[in-house]
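Q: Sequence:
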Amino acid sequence: MPELTPSQTVGPYLRIGLDWADGPDVVPSGGVTIGGTVYDGAGAPITDAMIETWQADPQGRFPHPLSGGTDFRGFGRSCTDGTGRWEVHTLLPGALPGEAPHLDVSVFARGLLDRVVTRIYLPEPGDDPVLAAVPQERRHTLIAERVSETEYRFDIHLQGAQETVFFDF
Numbered sequence: 004m005p006e007l008t009p010s011q012t013v014g015p016y017l018r019i020g021l022d023w024a025d026g027p028d029v030v031p032s033g034g035v036t037i038g039g040t041v042y043d044g045a046g047a048p049i050t051d052a053m054i055e056t057w058q059a060d061p062q063g064r065f066p067h068p069l070s071g072g073t074d075f076r077g078f079g080r081s082c083t084d085g086t087g088r089w090e091v092h093t094l095l096p097g098a099l100p101g102e103a104p105h106l107d108v109s110v111f112a113r114g115l116l117d118r119v120v121t122r123i124y125l126p127e128p129g130d131d132p133v134l135a136a137v138p139q140e141r142r143h144t145l146i147a148e149r150v151s152e153t154e155y156r157f158d159i160h161l162q163g164a165q166e167t168v169f170f171d172f
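Count the sequence shown with this note's numbering and you get residues 4 to 172, in order.
Quick caveat, the hints were computed from the structure, so don't treat them as lab data.
The beta-carbon is built from N, C-alpha and C at its ideal position, and this holds for glycine as well.
There could be a bad hint or two in this list.
Cβ-Cβ distance ranges computed for the label pairs, FRET-style [unchecked claim]:
#1 150 / 117: 14 to 20 Å
#2 171 / 24: 20 to 26 Å
#3 88 / 62: 26 to 32 Å
#4 25 / 50: 20 to 26 Å
#5 45 / 69: 42 to 48 Å
#6 153 / 47: 18 to 24 Å
#7 142 / 45: 22 to 28 Å
#8 156 / 130: 19 to 25 Å
#9 46 / 100: 36 to 42 Å
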């Protein structure tokens, strides 16, 4: 019987070939910027992580034929820079039935066996069953900070006292 290949963490070459020129540009111009810094458990910036976002358009539709159709791409990909910073340029998402507006986020980084998944809610998200299931003292880790009319900050902490809430998907 052949032996199973042992699991390994994502290596230091994760980003090779995964960067693409307009990856962070969910919309070519206008809209808002959502970004922040990715931190490890010791609080150090992670300079080789990759963030993927997936979201509905402002009317709450996804770019899929079954959702009523939209030309909005909905998907963004941003690799962190030398300071651990990432950002996407997009439109504010609309609410989905029974859910507050949010972006779904996947984080890939060295040291992880698989991606981790979280959500970004905008300030004052309103009623949302997923957010309501998170203990009150941890909800702030899922809510972006408004920096200006067109900029939101969302830092991601992979471990530690400020660890972002991650979901099993």
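Q: Against each hint, give a clear statement of whether it holds in the structure.
A: Against the structure, the hints come out as follows:
A beta carbon spacing of about 31 Å between residue 150 and residue 117 contradicts the range 14 to 20 Å that was offered as a hint. Between residue 171 and residue 24 the beta carbons are some 33 Å apart, a value that contradicts the proposed interval 20 to 26 Å. Under the hint 26 to 32 Å, the C-beta atoms of residue 88 and residue 62, about 30 Å apart, fit the expected range. For the pair residue 25 and residue 50, the beta carbons lie near 22 Å from each other, so the given range of 20 to 26 Å is met.
Between residue 45 and residue 69 the beta carbon distance is about 44 Å. The supplied range of 42 to 48 Å therefore holds. About 29 Å separates the C-beta atoms of residue 153 and residue 47, a value inconsistent with the hinted range of 18 to 24 Å. Checked against the given bound of 22 to 28 Å, the beta carbons of residue 142 and residue 45, roughly 24 Å apart, stay inside it. Taking 19 to 25 Å as the suggested C-beta distance range, the pair residue 156 and residue 130 conforms, at roughly 24 Å.
Checked against the given bound of 36 to 42 Å, the beta carbons of residue 46 and residue 100, roughly 38 Å apart, stay inside it.
This entry does not satisfy hints 1, 2 and 6, going by the numbered hints stated previously.
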